[in-house]
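The chain contents come next:
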Amino acid sequence: MTDEGAPTANAGYDEWIDALAAGDGHALVCPEGHGSLPPRRVCPECGAADLAGEPLPETGTVETYTVVHVPSPRFADDAPYVTAVVRFGPVRLTGIVRGIDPAGDEDGVEVGATVEADVGERETDGGRIVAFRPVEP
Amino acid sequence: MTEVRVAGVGLTRFGSHPERTGRDLFAEAADSAFADAGVDRTDVEELNYGNFMGALAEHQGHQAPLMAEAAGVRCPATRYESACASAGVAVREAVRTVRSGEADVVLAGGMERMTNLDTEGATEGLAIAADDLFEVRAGVTFPGAYALMARAYFEAHGGSREDLAHVAAKNHANALPNEYAQFRSEVSVEEALDSPPVAEPLHLYDACPITDGASALVFVSAEYAAENGLDAPVSVTGTGQGTDRMALADRADLAATPAAAAAATAAYDDAGVGSGDVDLAEVHDCFTIAEVLAIESLGLAEPGEGISAARDGRTTADGDVPVNLSGGLKAKGHPVGATGGSQIAELTRLLRGDHPNSEHVPDAEVAVAHNAGGTVASAVVHVLEVAE
Numbered sequence: 001m002t003d004e005g006a007p008t009a010n011a012g013y014d015e016w017i018d019a020l021a022a023g024d025g026h027a028l029v030c031p032e033g034h035g036s037l038p039p040r041r042v043c044p045e046c047g048a049a050d051l052a053g054e055p056l057p058e059t060g061t062v063e064t065y066t067v068v069h070v071p072s073p074r075f076a077d078d079a080p081y082v083t084a085v086v087r088f089g090p091v092r093l094t095g096i097v098r099g100i101d102p103a104g105d106e107d108g109v110e111v112g113a114t115v116e117a118d119v120g121e122r123e124t125d126g127g128r129i130v131a132f133r134p135v136e137p
Numbered sequence: 001m002t003e004v005r006v007a008g009v010g011l012t013r014f015g016s017h018p019e020r021t022g023r024d025l026f027a028e029a030a031d032s033a034f035a036d037a038g039v040d041r042t043d044v045e046e047l048n049y050g051n052f053m054g055a056l057a058e059h060q061g062h063q064a065p066l067m068a069e070a071a072g073v074r075c076p077a078t079r080y081e082s083a084c085a086s087a088g089v090a091v092r093e094a095v096r097t098v099r100s101g102e103a104d105v106v107l108a109g110g111m112e113r114m115t116n117l118d119t120e121g122a123t124e125g126l127a128i129a130a131d132d133l134f135e136v137r138a139g140v141t142f143p144g145a146y147a148l149m150a151r152a153y154f155e156a157h158g159g160s161r162e163d164l165a166h167v168a169a170k171n172h173a174n175a176l177p178n179e180y181a182q183f184r185s186e187v188s189v190e191e192a193l194d195s196p197p198v199a200e201p202l203h204l205y206d207a208c209p210i211t212d213g214a215s216a217l218v219f220v221s222a223e224y225a226a227e228n229g230l231d232a233p234v235s236v237t238g239t240g241q242g243t244d245r246m247a248l249a250d251r252a253d254l255a256a257t258p259a260a261a262a263a264a265t266a267a268y269d270d271a272g273v274g275s276g277d278v279d280l281a282e283v284h285d286c287f288t289i290a291e292v293l294a295i296e297s298l299g300l301a302e303p304g305e306g307i308s309a310a311r312d313g314r315t316t317a318d319g320d321v322p323v324n325l326s327g328g329l330k331a332k333g334h335p336v337g338a339t340g341g342s343q344i345a346e347l348t349r350l351l352r353g354d355h356p357n358s359e360h361v362p363d364a365e366v367a368v369a370h371n372a373g374g375t376v377a378s379a380v381v382h383v384l385e386v387a388e
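Protein sequence lines, in the order shown, are assigned to chains C and B.
For reference, each letter of the first sequence is one residue, going 1 to 137 in the UniProt record's numbering.
For reference, each letter of the second sequence is one residue, going 1 to 388 in the UniProt record's numbering.
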């Protein structure tokens, strides 16, 4: 449990999620076009050291998701919740889909759905999470 | 290159032993392995020991010297950690050590103690095999990660929860006669389908249990086996390992496990065999979908066809290539750091003819073991063959 008391500092990641919360979500992109998320010194695909920040697209596309019923302790009060993997241009983000009924058959999320990315809070302990919200395509 | 023989195998009963220490579990497995091998433990030149979450579960780091003591050996001892593939990499390094001529006798295996934790604690522990910043903080649990892969697979290739339920039913049926299995009870397709959801589309009976247990193997050079008159008919002829991006979201394809395919290619090339030569397999079915992805990576099913293999009877005990005759992680159990060694132990028994399920593979000569870490960011594949 890393979010109890003073939050653990993770330089690079913390600035990235601050930027996402401010509407400035971005990815790192190498000259070959491989996307990655910070902190990075080199491209994890090809080792290139020349990484440039690139703004994320406004919206992304859900590629897969799961409804989690058995959570880890820091998500105890969040379950059931939907974790999704969403394509945003050169990268995919993993986050929690908000603004839907995780247990419902209707109005849930589906593969191919369009979402936007923001930063939300875990209900359990207030820790920050990448949050997706469905938008009209 | 020195030929490597499996001289002896040892297992604890897999299951719930919350009061038993890790050192006692590994000591039992090692004792059994030495007895099976007929090898004097003073001949052991290295211990390669797999363990994943002992620092969390037992508040015990630095486990290798502790396990050397437990096994009654005094030699270089190293703990290997690659999540659920910890024992697989420990075995691989043992094979490479004997092959290189560095040692004639290596003890390898692993142990995990898990049921002393509650479900939340075990869930938290297992989740640390994922990327903490970008996955665990986004609510990815271990079942959740495989659920993401399962849905991606269904989207790419089709398939259903019922197909997965056939994997569960098959592996439970295989575990029935296995004296080391955690669950020796049948599960029907209907029961699997009706079990409660864990991380949809995966339900409780798609998942392996939380398990305590240990595995131990005595690997020797063929020369040592001959000089000491050992009955060691099974040889490790191929070893391979693969690595992928840590986080699932960073993989090119969410419905495939290329690290396992790379490990399989390397192991087959090493052994000089092809996937068509494989008579039986033990694969890392931590979840039912994992068996599907595993047999596709091993070349035992084409991409998109692994999903129907159990339902169609191709991988059942009387199928073309029986998969997980031990019961697999699903029914035999999954003491994380021991599993890769357990697979080698089960295949050795199956090939020697002294496994309760050997009757299903009486003429088998080539077997393959597939051990995976995390969401297959790590994978180890071994080929075993009957040498005499």
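Everything labelled a hint here was simulated from the structure, so no lab data went into it.
Check before you lean on any hint, since a few could be wrong.
Partner residues aside, some chain C positions facing chain B, computed with beta carbon under 7 Å [as the list claims (entries may be wrong)]:
(1) T59
(2) T61
(3) V67
(4) V68
(5) V70
(6) P73
(7) Y81
(8) V85
(9) G95
(10) R98
(11) V109
(12) V111
(13) T114
(14) T124
None of the values given here were measured: they were computed from a predicted structure.
Glycine included, C-beta positions come from ideal geometry on N, C-alpha and C.
Tested hints:
About 17 Å separates the beta-carbon of T59 (chain C) from the nearest beta-carbon of chain B, more than 7 Å, and the hint is not met. Hint status for T61 (chain C): violated, given a least beta-carbon distance of 12 Å to chain B, over 7 Å. Contact between V67 (chain C) and chain B, as hinted, is supported at the beta carbon level, the nearest pair being about 4 Å apart and thus within 7 Å. For V68 (chain C), the suggested interface contact is upheld, since its CB lies about 5 Å from the closest CB of chain B, less than 7 Å.
Of the supplied interface hints, the one on V70 (chain C) holds, with its beta-carbon coming within about 5 Å of a beta-carbon of chain B, less than 7 Å. Annotation: P73 (chain C) was flagged as interfacial toward chain B, and the flag holds, the nearest CB pair being 5 Å apart, inside 7 Å. Below 7 Å, beta-carbon pairs count as interface contacts, and Y81 (chain C) has one with chain B at about 6 Å; its hint therefore holds. Of the supplied interface hints, the one on V85 (chain C) holds, with its beta-carbon coming within about 5 Å of a beta-carbon of chain B, less than 7 Å.
For G95 (chain C), the interface hint holds, since its Cβ comes within 7 Å of a Cβ in chain B; the closest pair sits about 5 Å apart. The criterion of a C-beta within 7 Å of any C-beta in chain B is not met by R98 (chain C), whose closest approach is roughly 11 Å, and the hint is violated. Annotation: interface hint on V109 (chain C) violated; nearest CB of chain B at approximately 11 Å, more than 7 Å. Because the beta carbon of V111 (chain C) sits about 5 Å from the nearest beta carbon in chain B, less than 7 Å, this interface hint is met.
Of the supplied interface hints, the one on T114 (chain C) is violated, with its beta-carbon coming no nearer than about 16 Å to a beta-carbon of chain B, more than 7 Å. Taking 7 Å as the C-beta contact cut-off toward chain B, the hint placing T124 (chain C) at the interface is violated, the least distance being around 10 Å.
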